[in-house]
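Got chain A; can you put chain B on it based on the hints?
Line by line, the protein sequences give chains A and B. So the first sequence is numbered by our numbering: it starts at 19 and just counts up by one. So the second sequence is numbered by our numbering: it starts at 27 and just counts up by one.
For the record, the hints were derived by calculation from the structure and aren't laboratory data. Just so it is clear, the structure is predicted and the values come from calculations on it, not from any experiment. Yeah, the Cβ is synthetic: ideal placement off N, Cα and C, and Gly gets one too. Careful: at least some of the hints might be erroneous.
[Said to hold, decoys possible] 27 angstroms max Cα-Cα, derived BS3-like pairs, lysine-lysine:
no.	chain 1	residue 1	chain 2	residue 2
1	B	Lys323	A	Lys245
2	B	Lys209	A	Lys43
3	A	Lys59	B	Lys289
4	A	Lys169	B	Lys323
5	B	Lys209	A	Lys121
6	B	Lys209	A	Lys59
7	B	Lys209	B	Lys229
8	A	Lys171	B	Lys323
9	A	Lys249	A	Lys259
10	A	Lys208	A	Lys171
11	A	Lys199	A	Lys169
12	B	Lys323	A	Lys77
13	B	Lys209	B	Lys253
14	A	Lys249	A	Lys208
15	A	Lys245	A	Lys171
16	A	Lys199	B	Lys209
17	B	Lys253	A	Lys77
18	A	Lys121	B	Lys253
19	B	Lys215	A	Lys121
[As the list claims (entries may be wrong)] Take a look, some chain A residues computed to stay more than 12 angstroms from chain B by CB distance:
no.	residue
20	Gln63
21	Lys77
22	Asn79
23	Glu88
24	Ala133
25	Ala135
26	Gln182
27	Asp238
28	Leu264
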Amino acid sequence: MIRALIIDDEPLARMVVLEYLQAFKQIEVLQECGDGFEGLKAIQQHQPDLIFLDVQMPKINGFEMLELVEDPPAVIFATAFDEYAIKAFEAHAIDYLLKPFSKERFDKAIEKYLAQATAATPAPKQTETLLETAAQSPAQNERIVVKTGTKVKIIAVQDVEYLQADDDYVSVITAEGAFLKNKTMNFFEKTLDPRQFIRVHRSYIIAIPQITRLDPYEKDSHIAILKSGAKIPVSKTGYAKLKQVLGI
Amino acid sequence: MASSQLSPSKLFGAFAICGVVWAALQAYIINSFGFVWVTALTDSILSALLLSVACWLINNNLRYYQPDKGSYIYLIIWCAALAGGCTAAARWLLPLFDFGQVYLNFLQQSLTIRLFTDFLAIGWMAMISALFYSQLDHKKTEQRKTEAEKLARDAELYNLRQQLQPHFLFNSLNSINALIGFKPDQARKMIHQLSDFLRGTLKKDDQLLVSLSDELQHLNLYLEIEKVRFGHRLQTEISCDGNCGEALLPSMLLQPLVENAIKFGLYDTTEAVTVSIRGEIEDQYLIIMIQNPYDPKTSRPRKGTGFGLSGVQRRLYLIFARNDLMETHANDNIFTTIIKIPQL
Numbered sequence: 019m020i021r022a023l024i025i026d027d028e029p030l031a032r033m034v035v036l037e038y039l040q041a042f043k044q045i046e047v048l049q050e051c052g053d054g055f056e057g058l059k060a061i062q063q064h065q066p067d068l069i070f071l072d073v074q075m076p077k078i079n080g081f082e083m084l085e086l087v088e089d090p091p092a093v094i095f096a097t098a099f100d101e102y103a104i105k106a107f108e109a110h111a112i113d114y115l116l117k118p119f120s121k122e123r124f125d126k127a128i129e130k131y132l133a134q135a136t137a138a139t140p141a142p143k144q145t146e147t148l149l150e151t152a153a154q155s156p157a158q159n160e161r162i163v164v165k166t167g168t169k170v171k172i173i174a175v176q177d178v179e180y181l182q183a184d185d186d187y188v189s190v191i192t193a194e195g196a197f198l199k200n201k202t203m204n205f206f207e208k209t210l211d212p213r214q215f216i217r218v219h220r221s222y223i224i225a226i227p228q229i230t231r232l233d234p235y236e237k238d239s240h241i242a243i244l245k246s247g248a249k250i251p252v253s254k255t256g257y258a259k260l261k262q263v264l265g266i
Numbered sequence: 027m028a029s030s031q032l033s034p035s036k037l038f039g040a041f042a043i044c045g046v047v048w049a050a051l052q053a054y055i056i057n058s059f060g061f062v063w064v065t066a067l068t069d070s071i072l073s074a075l076l077l078s079v080a081c082w083l084i085n086n087n088l089r090y091y092q093p094d095k096g097s098y099i100y101l102i103i104w105c106a107a108l109a110g111g112c113t114a115a116a117r118w119l120l121p122l123f124d125f126g127q128v129y130l131n132f133l134q135q136s137l138t139i140r141l142f143t144d145f146l147a148i149g150w151m152a153m154i155s156a157l158f159y160s161q162l163d164h165k166k167t168e169q170r171k172t173e174a175e176k177l178a179r180d181a182e183l184y185n186l187r188q189q190l191q192p193h194f195l196f197n198s199l200n201s202i203n204a205l206i207g208f209k210p211d212q213a214r215k216m217i218h219q220l221s222d223f224l225r226g227t228l229k230k231d232d233q234l235l236v237s238l239s240d241e242l243q244h245l246n247l248y249l250e251i252e253k254v255r256f257g258h259r260l261q262t263e264i265s266c267d268g269n270c271g272e273a274l275l276p277s278m279l280l281q282p283l284v285e286n287a288i289k290f291g292l293y294d295t296t297e298a299v300t301v302s303i304r305g306e307i308e309d310q311y312l313i314i315m316i317q318n319p320y321d322p323k324t325s326r327p328r329k330g331t332g333f334g335l336s337g338v339q340r341r342l343y344l345i346f347a348r349n350d351l352m353e354t355h356a357n358d359n360i361f362t363t364i365i366k367i368p369q370l
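The shape of chain A in the complex, shown without the other chains (with noise of 0.2 angstroms):
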């Protein structure tokens, strides 16, 4: 037994993939789920292997959910029309349905499924490069959504002071205190608006506008100071970099 979850925040768009489901009694539907968070709680109750879900959803859209996800199951998406996850389906989905899909079509997503399933090629790598190409989107990079404990909290990237490597994880410091997310450093060098982050070292990316000092130290190497008082270590690559996007 198949089983899967659907999350999507149009009841009716819930109800099309239910009634298109009738045909494969192998795949089990366990719940629906109306928002990200409810389909975060869902995912981590269940462990499904196979998620419909929807992009635009309240709250966190469907890549911030997957986000957060640890060990995401299997997606096929369904969505109406978003160039930058068009683009990002394109490249990595198991499949993505553009709505209003038919029930070939969907047959087609779910064929592709199963045979990726039977094959049993898990494809965490597949989602980690499609959440890299989504998080391109203007919308996206606006915000960075993080799991504190079983909350979810969404912070506004104008309020993240700077992100420090964390072993597996990175750490976005704000104002209110450090949050952890599942993500590299180079994701982020690569998401972040480069006019507003500066990665100034292997461990550190820092917001250009909460720079307020840069001192010397050591040889090579400096130290930037942000309004926060945290001091930051710049290589001298970083330096560099800094240069530049300064004009000093």
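Chain B alone, transformed into the frame defined by chain A:
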């Protein structure tokens, strides 16, 4: 272009240097006629000063007033008159210095040549000024033109996108697709609503003023469709005081505002959402208030999400030439947009 980068202060500097060179040259010439340096210098400095006053006058004149093609003759008359003035002033002022009879004779004899050189110098100045200011003017006009063109292009694009509304359209079609299976009657009703709405959108002329009741009727089609899509999550309240149904407003003005309210209401919270629209008449203004709940803590930055609000503000400005007709407030989890439409 090099000349366009000339700042007024640089221009003034060049002007002053020309004056000094002119005076030096004149002093040298007078000296070579056998007069002592004091005489030569006094004569040349005074002449140069008079000439610079004339040049300044003609330059200033051209800064604020550009002659059109037919009136260059007046410019020449102006130059001649100023040259005459300079020569006459030199004729009456220089004898006051008492440099002797020989000098006075020289002055008398050189008046014609002074008149012509003054005329040439002033004419030269006039020509340079005319070129400089007309070029400046031209550049400004060009700038305005490109700006206006850009605005027009943006507006057109905005309108196109506004009409297409791909998200709304595709999601509505998807809802219809769902309804066909188990509620065909409702599917049919929704198709009619959607067609009526799209037809209304296509035939509306942006420049036209329509009555509020017409606009609300059109808006209602949109709201009904959205309610089918979002089910119980979306509620609307529309109230309209007394005779404000008759009041006029630019067509399709409310649509982006309501769309914005729905988007923020629905995507910012997970609970049921009530969007309210209220119209009233106050001192010759139609006032429309649109409210939606939102979450101040997690609300996405407004700027990226829509040309909705700024587009409406821009349209109000283009139609009424006023920037104070739209305001927004956010408090207690309620976002309010108020627009005022002058009733003529």
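Among the hints numbered above, which are violated by the structure, and what are their numbers in rising order? 6, 7, 16, 21, 22
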